[in-house]
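Residue numbers (the UniProt record's numbering), protein chains in the order written: chain B, 1 to 221; chain E, 1 to 417; chain Z, 1 to 100; chain X, 1 to 1006.
Because the hints were derived from the structure by calculation, they are not lab data.
Possibly wrong hints are sitting among the right ones.
[Claimed, not checked] Residues on chain E that point at chain X, a partial pick, calculated with CB under 7 Å:
hint, residue
1, Ser136
2, Gly291
3, Gln336
[Said to hold, decoys possible] Lysine-lysine pairs mimicking BS3-like chemistry, simulated, CA-CA at most 30 Å apart:
hint, chain 1, residue 1, chain 2, residue 2
4, X, Lys130, E, Lys290
5, X, Lys792, X, Lys702
6, X, Lys710, X, Lys891
7, X, Lys626, B, Lys177
8, E, Lys224, X, Lys451
9, X, Lys697, X, Lys710
Here the structure is a predicted model, which means the values were calculated and not measured.
All C-beta atoms, glycine included, are put in the ideal place defined by N, C-alpha and C.
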Amino acid sequence: MSEAVKEAVAEPALVAIMEQLPKTEVPARSPLAHHTEVLSRPTHENPGVRLWENALRTHLALRGDAGSADFARGVEAATGLALPERLQCHQSGEWALSWVAPDEWLLTGPGDQALAMEMSLREELDGHYAVINLSGGQTMLRLSGPKARLVLMKSCPYDVHDRHFPVGKVVTTVLAKSQATIRRVGEEDWELVVRRSFADYVWRWLVDASQEYRLSLGHPE
Amino acid sequence: MQKYSGFGLLRHALTYHENWQRVWRNPKPKKKYDVIIVGGGGHGLATAYYLAKVHNITNVAVVEKGYLGGGNTARNTTIVRSNYLWDEAALLYEHAMKLWEGLSQELNYNLMFSQRGVLNLGHTLQDMRDIHRRVSANRLNGIDSEALDTQGVQEIVPIMDCSANRRYPVLGASWQPRAGVARHDAVAWGFARAADAMGVDLIQQCEVADILTEDGAAIGVETKQHGAIYGDRIGCVVAGNSGVLAKMAGFQLPIESHPLQALVSEPIRPILDTVVMSNHVHGYISQSDKGDLVIGAGIDGYNGYGQRGSYPTVEHTLQAIVEMFPIFSRVRMNRQWGGIVDTCPDACPIISDTPVENLFFNCGWGTGGFKATPGSGHVFANTLATGRPNELAKPFSMFRFHNGALIDEHGAAGVAH
Amino acid sequence: MFYIFCPYCDEHREEEEFHPKGQAHLSRPADPDACTDEEWGNFIYFRDNPRGIHHEIWVHAIGCRKFFNVTRDTQSYEILESYRMGSAPRITQLTDKQQS
Amino acid sequence: MTQFNRLDNGGRIDRSKLLSFEFNGQRYKGFAGDTLASALLANGVDVIGRSFKYSRPRGIVAASAEEPNAVFQLGATEATQVPNVRATQQELFDGLVSQPTSGWPSLSFDFMGVFGTLLGRMLPPGFYYKTFMFPQAAWDTYEKYIRKAAGLGRSPREPDVDTYDHLNHHTDVLIVGAGPSGLSAALSAARAGARVILADEQAEMGGSLLDSNDRLDDKPAAEWVKATLEELARYDNVLLLPRATVNGYHDHNFLTIHERRTDHRGDRAPANLSRQRLHRVRAKWVVLATGAHERPLVYGNNDLPGCMLASAVSTYINRYAVVPGSRLVLMTTNDNAYRTAFDWQDAGREVVAIVDTRAYVTGAWQEEAERRGIKVLKGKAVIEARGGQRVTGALVTGLTTDGNKVAGDSQLLRCDTLASSGGWSPVVHLSCHTGSRPVWDDDVIGFLPGKTVQRQLVAGAVNGRFALDDCLTDGASIGAEAATNAGFPAEPAIVPSARTRPETRAMALFCIPHHKRNSRAPKQFVDFQTDVTAAAIELATREGFESIEHIKRYTAMGFGTDQGKLGNINGMAVAAKSLNQTIPQTGTTIFRPNYTPVTFGAIAGRHCNDLFDPMRYSAMHEWHVKHGAKFEDVGQWKRPWYFPKPGETMQQALDRECLATRESVGVLDASTLGKIDIQGKDAREFLGRAYTNAWAKLPVGKCRYGLMCKEDGMVFDDGVTSCMGENHFVMTTTTGGAAGVLEWLELYHQTEWPELEVYFNTVTDHWATMTIAGPNARKLLAELTDDIDLDKDNFKFMDWRQGTVAGVPARVFRISFTGELSYEINVQANYGLHVWEKLFEHGAKYNLTPYGTETMHILRAEKGFIISGQDTDGSVHPYDLGMSWAVKEDKPFSFIGKRGMKREDCVRENRKQLVGIKTKDPSIVLPEGAQAVDDPNHPVPVPMLGHITSSYYSACLGRSIAMGVIKGGHNRMGDTVHYPLTDGRVVEAEICSTIFLDPKGERQNV
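Generate coordinates for the entire structure from the input sequences, incorporating the hints supplied.
Spelled out as structure tokens, the structure:
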């Protein structure tokens, strides 16, 4: 832990900040472990759809005033990412910063970096802003393949056509009877951030919707 | 009034049905009436009927902007029940229930009132608490009502999936055997025919453009087709337009008008002989004598006068029906439509005097108006005849929304009417 | 099903993402304790409920979570504008074209 | 059986694929490309059903969606039964099994038929309103018999074996109908690069072009269709949807398309393929190219098998190579129908005569008839059909020129097929769905789409442009207009020319007069499926049902599964005539979704069975399942209700869980409670406005319970909120209330107090929360943490601390919902299961017992803690609950609910107030919901005092306990009240304090 972190965690400040990861070897369990653990190898040679969980990532909600130059500067200083415009996502390396609302962004990155990132944000920002650690409350699904878009069309009322949902766009919308923050990371590659308690339902829904497209479960390699 | 009977039918058959009389006249409006009823729906016509029958006030006009019974009377899912939670509502609806029983004979018009029973399902522990609460209140109010467990429900509706592996298993239900359905159009026509026979003027295609007042008191209505019509007392019974009429008279109501959708399947052979309602999975269903499955659900959340709602409401309703009755999955939906329901914050109606003297409103029945038709007309006729609400009507004053004496029936009302 | 323009996402979205929240431009009395029962009742219960132009609040519940205003014809269901909280509607009556 | 009506060549069927199918128990043969209807006609099957009221024999009338009679039961197995399938729309597949939906015991002999003819005259419209009334009780009995006659097909008795799904689309241009107009519209729009969806209800696209022998640029029209479809298929911006009916047009250009993906392939869908799909389409612009339906003419016995629509006859000949008879009489009011006689003759069968209702008509069509040697009888009409099970003759009589009366004497023409055409009705259904009223057009002799606020264009026949050339050019330009409007500048596609014969003006005639008045003439059917006759409509008007809506409802006209596609206009014409007014004066015709019926399953989609509604799980859910938990549905959450051991009853399990907790230590999975992270310098101020109690001085490190009310002063949620930092709080809400509370906080923040600097975010799912409660809770926790000082004076009740539990960073809240020494451990959810399991590793020696929601309810009830939503119902304020301690009246800001709870009715005496209830007999547990009365012997209605909100058997106290509301209860301590139960027992009970255990609260302060 950096000195700053030690302090912050030590004396009660304006906000409570905490290292939420165990120092010792404690097994973490993702919300979809019960599905992903039992996965067989990819079930098809050239699947139309691949689905896997990108588990145990850092998820930080970032709140602040998009109009404030200081805020934008601070965020960029801390994350190396410019504050994205509405419905856009900026990515560099492991970190991605997605627009969620006029005063809210979702910052995702390596699972072990949550506190460090929160601290550097808090070091860079002041005034009215907030950082909320959601790493345990959300998980990330990846949906890819030539038929992935059709699976999304079965699941979401939002227009996912190339002309309307180009790579780099991010949208929070209805997914079946739950919701997801959906980001197009590549032509045939989508990222879905869903709430933990709904993850099992969303997973079962997507698996069902993919049946007719030769679904392959698990990370492609 | 020409008497209807099987023999009459036979007699007319011999003359090729060429001599049937008109069911009601088509009168030109007089200049002045003792009472003007705005709105020729079931409630308005019932009000006119009871004014004439109970209070001997026959110098009455019913002005209807369209055709008789063309509003929610023609658009509801015809369910009749009285198992409401709060005393005030329960007594009002039970009053209506008692009038329903025998009404066909009284009106000499077969309303096809069929007391085939209504089930209100419970799917959660809290549902069951509410059901027991309502059932025990009903019984103490003299309303037939039973609480059933899963087994009991399954016995009444063998084709429903009551197994524990559903998403929201059926834990039980409240059951009112005397509840049921009636033929909605017949109710309007039956009251209209009887009221007309007693001298009430039913004036169709006559739209009210303004409420005429003289120093704070209503004296008549200005109509688009027939100009001014004067009346000593004016009763507005215009579900779906109450807010508009109130605005004419210069006041607001605690009412929002929402779309309420319903749908029917194609006619199929009889398979469901009771009414099943579920607030929790959000749908209700019965089967008409024609064989249609008559299905409805909750209102749309926005204000709307379009007699249309949003499609997802229909989807959710049919998801609920298929969840309760997986065997209906291959049955097909024939038609959907929408009504306009005037909803009050406490899901109870307004039967009330207003800030304008001699002007009375009967509105805000939300999704529950049809079942109350005779009761509503009966108490409103009394209000119009005496100028003040009777014991049954008193609690439903619009001014309860000022002093806070609401009658919160959302629990019992919810989706299911 | 409505297609609603969210003035914060700057896009049309399906009605399924929104919740209607009733009549817009009602503000909570500055001093509730000074209100009569009638005034308070009017504030919490009594509404315009017009047939025609209606200014109403919607929230982009499954989306940006922002509340905003919509001007809608409650007869034709045509949405005439969406505008942010705190701003005033541009449309307050139907044009002849919209009369239906 | 041979297909003796099948031509040796021609048609679009594949004679190399012979299919066998079953109808009414008999086996028949047909070809790939047939519909069930064309195959039956090919086999010469005349009678396919019985009419529902008069039980008359009925045959196939039409060739597509408007067919009223050929409505069958399909399905080879119980689970695959489908009621009311229109044979004209069902593609034939090998092994298809179908049954008539009416007619018993057999179609040819039907004793209902006999009954029908005898009593038919007893059944005028509305007859049931006029009888079956006496005696009062008897309706139930009558009704049973009436219901027996109800319905067409039957529902399956087994759950569906197939699945259905949805597909959401957004498109620039949706074109409805792939006939000449739709196809040319698609070309224009597609070439401009717009996203185009072209949907058509038939298996093959091409519409009327496939039904005729028209030529385009002197080539068979089918060739242009083929070329056009091939071009469209090449564009990736075009989606072609055959077998897909656009059945609903909703607001803001949202349309639903019902695609039958596998109904043509067999009885049930192949694995992994949904049987049907509902496309949910949001279109920038919609082009309706829905065409028109031919109107039959209304005449005596016009429902006899062999009476058909002229265009249908042509369709069967040209498309299916089926000639449904040998001797044709054609009655028409227009030139267009002449083609049917020509097609018939070209098929090598005899045309007896063309009966043209127009007295003076000469033109290309009449010349062609003459050239072909076909007799044309002008100014005449068929006033009645003759025959028993099938047409054997047509009675032809002269007409006055206005067509209102018969003139001259009659002749009987022998024939077995009687085709009629009264002109064409534009298919305006979809344009009506959004509330737009169609408008009558005297030139078109039909209704056209009316004014609409939708972004809708119409092309071709639906727009009253019936000539093929017009349809093609109209389609091309409308398609271009739609694409341009949608932002894709487009030129109208060049379309081929179809030099069709010019047509002379048609005659506006609907119901053919008879020598007798309609009431005495042979039945003249207007709506076949509902058995509505011209006489019935006249009777309705005679009885005063003058609005078309009244007439429809009184006679049931238009209420069949065909929604009156054939009959509505004729019916209005009959009504108009008998009311002495024009059709537009009589009213307009309104249609509602669906255009044709849609399977429930398709509308439900995949939202059924396991996917009906989300099941929300906590991080410890697997453990609960493994340990035999019974679950309770709370909102969408699956919460452990109780953990029975093998052989235990529920009560035994609850007693064990309660005692273990009170005597040693128990643990509850509290993860589902809503948690809202609140940050910002005004967070504290906001809490003060949202909660009824005080928050100004709550120090960092402390927790406080709070009540929330709506503006009406009624409690709607509650929970503990903790001060994490000067500008940072975490609020907890009820499990069910979480989403509502967050939206409610945002509502006030965004609409009322935007100046307050505060942010709200849900962290419900982020934290796994486990509550350990009981005298040994501290000992247990001490074994799992080394960095939290658990000393009772350093870590007090209502404090929270940060530290490590079982190696995992945690926030520990010393709060209690059980009245025991209690710690609520919060860790990041990914570690929840680990910590939970560690608790049990160390807890074994303390008999650590997992408990569920039911034990939680009992333990809190012993302490008199309320559960919002169970002990409250939106009609009680904090004072009713006896919780004045949770209301701070003198806060500077008038908090939400303060004014509301001061209203006249909220401060009156005798409100229902929450109290404790002790039954005199401690072994009796009152049912929740039971109503209290003072005098159980009072006659009904019995005045009630209030109901039991919570009631349990308390193992710790060895007796039952309950809470409930009682009118003026707070001043009635010690009084006796009575609870009459539904089983007849009356239970005596005493009003007492809600706190049954440890009133001083010592147990939680150890």
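Subject >> Hints violated by the structure (numbers, ascending) >> reply: none
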